[in-house]
Structures are given as structure tokens and as C-alpha cells.
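Q: Chain residues, written in single-letter form:
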Amino acid sequence: MSEHPESRDNGGSSEHDVHRAVTELEGESATAARIFDLRRIIGGLFVVYGVIVTIVGITDDQAAIDKAQGVNINLWTGIAMLLLGLFFLAWLTLRPTPPPVPAAAPDDDTPA
Amino acid sequence: MQTPTHPAYLAAELRLPTNWLDYTILGIYFVVVLGIGFAARRSVKTSLDFFLSGRSLPAWITGLAFVSANLAATEILGMAANSAQYGAYTVHWYWIGAIPAMVFLGLVMMPFYYGSKVRSVPEMLLLRFDKAAHQLSSILFAFAAILIAGVNLYALAIVVEALLGWPEWVAIVVAGFFVLAYITLGGLSSAIYNEVLQFFVILAALIPLTILGLKKVGGWDGLTDKLTADHGNDFVTAWGGTGIGSTNPLGANWLTIVLGLGFVLSFGYWTTNFAEVQRALSAKNLSAAQRTPLIAAFPKIFIVFLVMIPGLVAAALVPGIGTKGSGLQYNDAIPYLMQELLPNGVLGIAVTGLLAAFMAGMAANVSSFNTVFTNDIWAKYVVKDREDAYYVRFGRLITAIGVLASVGTAFLASSFSNIMSYLQTLFSFFNVPMFVVFIVGMFWKRASAKSGFWGLLAGTVTAMVNYFVFYKQGVISIPSDQGANFVSAIAGFVAGAVVMVVVSLFTKPKPAAELQGLVYGTRSPGLSEAPAEGDDAWYRKPALLGWGAVILAAVCYIPFSF
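From first to last, the protein sequence lines stand for chains A and B.
Heads up: the first sequence begins at 424 in the working numbering, then just goes up one per residue.
Heads up: the second sequence begins at -9 in the working numbering, then just goes up one per residue.
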């Protein structure tokens, strides 16, 4: 975030300043190295939802099916969600998170 | 349009028969949302991590977040309302009103945005124009973001009150708390991750609803027969009755649809609304940033069916929907079908999807607001040159303030019966002038540093004058709010462009050296990065993805055009 007041008074902020500041921050950024893989969360949540809703579908009484125009909508939705969850977990297994590129500065790693 | 005078937003008899099972599903979701916030916390080290995810996310995540930030519940309920009110014209908001703009953003504008390494849309105006344009656009954006976040929060409270019976203040406090918690913890990463999760949950809610709704009215043929009988043939076509001078429910002709909605409003929204563009700026490289809106375009083409069909089904089942006698408003279309068709279980998923969508819509605005307020207002003009950690702390503080402020703005939304009209009105005030300044600045080297500010001001004022004076006072006759929005958008665009040209002719141009990478035909120094490995695969080519989306959207029009 270096400022050069004398060179900035003409109204326009220099593109190079922004460029340099962001490049510096990119170098120190920790997201790439530390963020967890979202596929695990989506996969996990949809497997749980899929199992719950499928079981509800299997045990649904006739009233629930009649309400849904004669379709066992819980069963079908549950199976579809389960499959989506398994898809994400399979994708994660087949193409695991790439190991992070070693950061330039391993020290100073307290999260802000 | 006959505006229902009934103040209630959703009819009280819409109370859903939720049970412990549905609440369990909802509870699991809230736990996961908070968990994402806590887990993302350790990835926040610099302000760039907090505000732009360190520019490091893969394209499929930023792409789904891009569509999801737009697919807020206001959009879901609002577009279903639109369909119940205006019919199949709703497809215009998607196929002409979104896809071309998203493709333009990805193919043409993204190299400038991403390559110049700006952290926000106003920062781009600072580089291209001057501080005056930067200040005005930052303030306008921050203001608009809080208004729109408030719309989401208010809508959530009303829907939750009607569907689940929670008092409004409980819903506002709970939703506000969760959004506040996960953004302050994990910053943009946790907002984006939750948006992607929300995308799948809302699909799991809308797909069963659409299928059952169609089954109830006897399939697509049964639906169109019924609606044609009730509302005439134009109701189920995209272009019927849109000749200039003829009347149609939308109150707009093909010219205002194409220019107002298709060009000005949608390009304004998709290409310069930072709540959207921010998702692309958080991508890990230029290729991923370009693909962000392009990946989003494909789901966007088909999502229209999941909101339009429930809206049409509601219009078919409740012929007087939107009028006093029916007890239902246009906005009730989707909640009404949930109540009629979904058994416990899927009902819980649907309630979760709606709540998730409201929270994501609010979070998208809050996370873009805190970025602009911290980087563009606070760090540039108020407290400059502090250490980076200070700005992360400030970003967390302003997130809390932003959430509190949107609680305040929530009540402004209550005076509009069709929330989508209200949103489009806000967009015509705030996004359209920003877009004209952008587009002139990007394609016309001669546009001077001073012209940005005056163009932005002229466009905003003109759009507001058109809406509040010419339309509201009845100086010119426009049959509907939406039609008025299209005209405001066109007027704001033309006024902004004219003022920019005039001001540019009387002021000094910016030196060519300062325009590198900011004007079409120049290259930014950041564009020299080598493409990442694997990005040259054919299915990752931006041009192929972009033109594919445009052609697919055009093909989708065919069955609705005759």
C-alpha cells in the first residue's frame, strides 16, 4: 500500500501502485494453502440429506404420496441427493486437492 | 399493473405443515454454514484473503458462486411472481437479459478487470478516470449494496413469518446473526463457499416442486391450455404482443425489451455490479476469472424453467392470483406450491433452500459492501497507510455495521408488491450509470478523466428523475413498473453517454501511458502471466464456452417464439 503523494496529486491513482500492492498481498496470501476443499462439504451434506430424505421416502404413508400427486417425491429426491453427494466425494477421491505450492515465507502464520 | 393495496406480503394462510423432520434438515444446514465460517477462518491472513479469497479459487467454485449470488431468494420468489403476473415474458430476463451480458463480461471485460489487479469495480474507475469518479461510484455502490441486502433480509423475515410462524424480528436476528458470523469469520471465502452449497440446495428444492407442479396441471400442454384460456395466447409466448404500440401485460415493447432489459439493465447488472464481479476477481488466474461468468451462464439458461413454471402453475391454479379476491399475491407463487405439493422431508429441503438463498443473497451484498467500504473509501480517503492487519480488522467491523444497517433498510422494501420490480428499479438507478461510464471509458480512449464523474452523476440523476418524476407523477404514461424500469435504464444510459462525450470534448484527455490495460486494444502489464497447466483444454476455452452459451440461449427462444 505504498503511497506517493507527490506523484498522485494529478487525480488519477497510478495503475502500478495498485498492481504492486495486490501482487505483494498475493505473495503473502494464505487462502490457497489453507482453505479446505469444498467438495468434501458438499459431498458430506448431500449424503446426509440424501440418506435422511430417502428413509423418509421409504417410510412415507399414503397421505404424503397423495399430496405429491401420487409421486413418492421424498424417495426420488433423496436418491438424487445421495447420488450428488457421492459424486462429489468420488470426484474428491479421484482428483484430490493439489498440494499447495510451498509459500515463500513459512514463518508468521498466525491467522489474522 | 394493478398494485395490490393489501399490505401483507405473503398471505397468512400459507403456514407450512413443517414438523421435527423439516427442522432437523434446516438445523443441519445452519450448523454446516457456521462450520464453513470457522473452517475458512484459518485461511484469512491478509486483507486480500479476507476481501478476495487471495485471488486463488478454482473456476467451478467462483462460477457457481457467481450464479448463486444472483439466485437469491428475491430472484426466486420475484421471478416466479413475474411469471405469475406477466407470463412467459420472464424468459427475457434470462436469455436476453443475462446470457449476452455474462458472456461479454467473460470474454471482453474480464481481461481488464482481472489483469489490472483491481480489487473492486470502483477501483477500476479510479484507474481509468479520477478520484471524483471513484468516490462517487464507491459511495453509490455501498449505498445500493445495503439497500439490496435489506431487501433480502426483509423478504426473508416476511417469508419465514408466513411459512413457519416465527415472529419477524426472530427471523431477522437469526439470519442476520448467521450471515454476520460466517462473513466476519471467513471473509469472502466463506461467503462464496456457502453460495456454492446454496446453489445445490436450492436446485434440490426447486426441481421436485417444478415436476410436481407440472404434474398437477396436466403437464406443459395442460398448463399452456389453461393459461391461454384465462389470459390469452400472448401469456405463454416470449414475444407475443410486444410490437411497438400494441399492448401486453409487461407494458414494454420489443425495443425496450432488447435495449432496456437486454442491453442496458442487464449489462449494467452483470458487468459492473461488484457483488457479481467480485466472485470472478477471486478466481485463481485470468483463465479461471474469464470462465467464472461463462460457467455461470449454463445453469442460468435453465434455471428460468425452475422459477417460471412454478409461477405459471400458480397462475393456472389460482386464476385471480395477485388480486384482492384470491388472498394470494404474486410473490406467494412458490410458497403456495410448497404448501400444496411437498410432503415433510422435501418440504424441509425446500424451506432450507429458500432460507439459504435469502442468506446468500444478503451475504453477497454484505461481502461486496465491506470490500468497497474498506478498500475504496476507508483505506483510500480516511485512514490511509496502516498495516494490512488493520484493514482486515476494519473489514470485520464494517461487516457488522453493514448487517445492522441492512436491518434498517429492510423496511423500505415493504412498499413494493413485486420485489423484483423494486430490485430492477434500484439497478436502473445504480448499475446502469456505472455501466455507461465503464463502457465509454473502456472503448473510447478520448474519454477524459473528468468525464467519468459527470457521466455517472448525470446517468444516476436522469434515471431517478425518470422514475420519480416522469413515471410516478404520470408525466409520461408507462403501463407497469417493469416497463418504467426499462425506460429509466435507457434514459440513464443515454444521458450518461451524452454528458461524457460533451465533458470529454472540453477537458484534457488522459495520457496514453496511463491507459495501458484499461482501454480496449491496450494490454495490462499483468496479462503477461503464462496460462496455468491444463487451461488450454478445449472445454476450458473461454470463446467456446461463451459462444456456446449464446447459441444455446438463442435456441431456447425458438419454442417460445411462435
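Keep in mind that the hints were calculated from the coordinates and are not lab data.
Some hints could be false.
[To be verified] Covered by chain A, according to a simulated footprint, are these stretches of chain B (three or more residues, beta-carbon under 8 angstroms):
| # | region |
| --- | --- |
| 1 | 28 to 35 |
| 2 | 87 to 95 |
| 3 | 181 to 193 |
[What the hints assert, rightly or not] Listed below are the simulated DSBU-like cross-link pairs for lysine-lysine, each with C-alpha atoms no more than 35 angstroms apart in a straight line:
| # | chain 1 | residue 1 | chain 2 | residue 2 |
| --- | --- | --- | --- | --- |
| 4 | B | Lys216 | B | Lys274 |
| 5 | B | Lys374 | B | Lys462 |
| 6 | B | Lys374 | B | Lys531 |
| 7 | B | Lys121 | B | Lys216 |
| 8 | B | Lys498 | B | Lys435 |
| 9 | A | Lys490 | B | Lys216 |
| 10 | A | Lys490 | B | Lys205 |
| 11 | A | Lys490 | B | Lys440 |
| 12 | B | Lys121 | B | Lys370 |
Beta carbons: idealized from backbone N, C-alpha and C, even for Gly.
Q: Would you mind marking each hint as holding or not holding in the structure?
A: To see whether the hints hold, each was checked on the structure:
1. 28 to 35: As far as the region 28 to 35 of chain B goes, the hint holds, because 7 residues have Cβ atoms under 8 angstroms from chain A.
2. 87 to 95: violated (count 0)
3. 181 to 193: Coverage by chain A holds here, the residue count being 4 at a Cβ distance below 8 angstroms.
4. B:Lys216 to B:Lys274: 50 angstroms, violated
5. B:Lys374 to B:Lys462: Given pair lysine 374 of chain B, lysine 462 of chain B is violated - Cα atoms ~43 angstroms apart, limit 35 angstroms.
6. B:Lys374 to B:Lys531: 41 angstroms, violated
7. B:Lys121 to B:Lys216: Violated, at about 57 angstroms.
8. B:Lys498 to B:Lys435: With a Cα-Cα distance of about 12 angstroms, the restraint between lysine 498 of chain B and lysine 435 of chain B holds, given a limit of 35 angstroms.
9. A:Lys490 to B:Lys216: Given pair lysine 490 of chain A, lysine 216 of chain B holds - Cα atoms ~22 angstroms apart, limit 35 angstroms.
10. A:Lys490 to B:Lys205: Given that 35 angstroms is the threshold and the Cα spacing comes to 12 angstroms, the pair holds.
11. A:Lys490 to B:Lys440: 63 angstroms, violated
12. B:Lys121 to B:Lys370: 10 angstroms, holds
Comparing the model with each earlier hint shows violations of hints 2, 4, 5, 6, 7 and 11; every other hint is respected.
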